[in-house]
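Listed in order, the protein sequences are those of chains A and B.
The working numbering puts the first residue of the first sequence at 1, with every later residue one more than the last.
The working numbering puts the first residue of the second sequence at 1, with every later residue one more than the last.
None of these hints come from the bench; they were simulated from the model.
Glycine included, C-beta positions come from ideal geometry on N, C-alpha and C.
Please note that the accuracy of each hint is not assured.
Claimed, not checked - Heads up, incomplete: computed chain B residues facing chain A, CB under 10 Å, no partners named: (1) Arg98; (2) Pro146; (3) Leu155; (4) His189; (5) His197; (6) Ala213.
2 protein chains.
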Amino acid sequence: MIRFDRVAVIGVGLIGGSFALALKQARLCGHVVGIGRSAANLALAKDMGIVDSVATQAGDADLILVATPVAQFASVLAAIAPRLKPGAIVTDAGSTKRDVVAAARAALGARISRFVPAHPIAGAEQSGAAAASAELFRGRRVVLAPLPENSPESLQAVEAAWAACGARVSRMSPEEHDAVFAAVSHLPHLLAYALVHEFAGRDNSAQLFGYAAGGFRDFTRIASSHPEMWRDICVANREPLLAELERYAGKLRALRALLERGDGAALEKLFAEARAARERWLSGEVE
Amino acid sequence: MIRFDRVAVIGVGLIGGSFALALKQARLCGHVVGIGRSAANLALAKDMGIVDSVATQAGDADLILVATPVAQFASVLAAIAPRLKPGAIVTDAGSTKRDVVAAARAALGARISRFVPAHPIAGAEQSGAAAASAELFRGRRVVLAPLPENSPESLQAVEAAWAACGARVSRMSPEEHDAVFAAVSHLPHLLAYALVHEFAGRDNSAQLFGYAAGGFRDFTRIASSHPEMWRDICVANREPLLAELERYAGKLRALRALLERGDGAALEKLFAEARAARERWLSGEVE
């Protein structure tokens, strides 16, 4: 069984903190070092037993998780590159993968073989160490986006770590990952932000929000997501996201045509097909 | 205090059934007659004590609630018009108001003064008498869309009935109602149906749904709404809905421009403004 004597978590927030707690619970790691920008958050992480010590360097860690906002990856990876212990493995929790891989290649050079890109699919409405939980990843998906340079051993080690957190681990290329998540995650966030912003800017916005109900609340829940994080995701993944936005705009044009000619039968068919697809998904038939 | 000796509910589903239960609980009504298409549903409503009897005519009711799908209003109102008791009041629970008013004017003629249009804003993911609850409308909004012909007494009676259900009653013109709900309700439904349908039709739809998570689930919850009901709403309210769709498409074009030039600062500003507006709404500052 794989075990990591020393684990370094860079960015001890919801994701990084939960990863540390889950590895500890699974008895897969020894000492956990926490590294981050906020001294207060790190002190809290130590008080909560998420990390065993606080440092400014990953030092002699066997496994390093980079769980900062994606825009910081270049500087974070550049800082750890020169001190990487032989055999140490680096992984990440970024929501996009092509940009992360590019940043890692630039920062790590020949050491890129030690970097195994990953993306845990876990909610991020709460943030900070205070929100961390050893159970966060149980039953959730984690996508590994392996590089040609990765050794089978490093892949297995990262896969074992996430599996020990209770996650369902699968693999995709960085390109496939970014295309899939542009569709099922990044586009809906953009659409929800757009709708709330559209209403907020109107003269009668108080009236509109006054009559918005539960359907609107759920539809726009992801518009309460972290603006800085979603800025980074949208900019990093803009080509696939633009492609999705274009396809969706085409769908709306088709719907507009149905509305314009009052084609109730075609509208009902589309609504029924969408509902059926969603019900199949919820029932677990689609996986 | 206003009291209705005999109440007729046409369409004893979630809304109609809950209205009857709430009036009974508030001791605002005597006998409740249930009328509807499904004998099984009416039998269930009688077993559950929602209605006291089942009939095919509203008969000598003092208050009649039309709570069928909106597309049936013309025939329903034509059927009750010739037998309307002097002083009887008719109201409805339709999600659109201009078309309902037009149908009522055509069917009721001079009796239009007795028809007080209303729209209770209550979720409709469940349906049928089985889902009815005396508490459904507590704290929810009900919009009255009064007609110039309505007497103050008939308006007060309908307002008192909904207030007795625990609802917060307000008034708008039918035109204003349809414009507001095209924005805050009908458009989000259309957008959610469109997104699910877009993914369902792709070659890799199983993969896309396989990686869709909690954000997607909430965003698309309203795409599980009833296709027939939403067909009727979209067709009935298509002009305001088309106007909203056009404004939203314009917003998406503006977002596309920001993405194309990689304007992270402008994206973050828009996301932050949207999040702040939503948080103000959730905290009850917008009302």
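Hint check results:
Restraint check, Arg98 (chain B) versus chain A: the minimum CB separation of about 15 Å is more than 10 Å; hint violated. The beta carbon of Pro146 (chain B) is not positioned within 10 Å of any beta carbon in chain A (closest approach about 17 Å), and the interface hint is therefore violated. Interface hint status for Leu155 (chain B): violated, as the beta-carbon distance to the closest one in chain A is roughly 20 Å, over 10 Å. Contact between His189 (chain B) and chain A, as hinted, is supported at the beta carbon level, the nearest pair being about 7 Å apart and thus within 10 Å.
With a least beta-carbon distance of about 4 Å to chain A, the hint placing His197 (chain B) at the interface is held under the 10 Å criterion. Evaluation of the Ala213 (chain B) hint against chain A yields a held restraint, the C-beta minimum of about 5 Å falling below 10 Å.
Taken one by one, the earlier hints fail for this structure at numbers 1, 2, 3, listed in ascending order.
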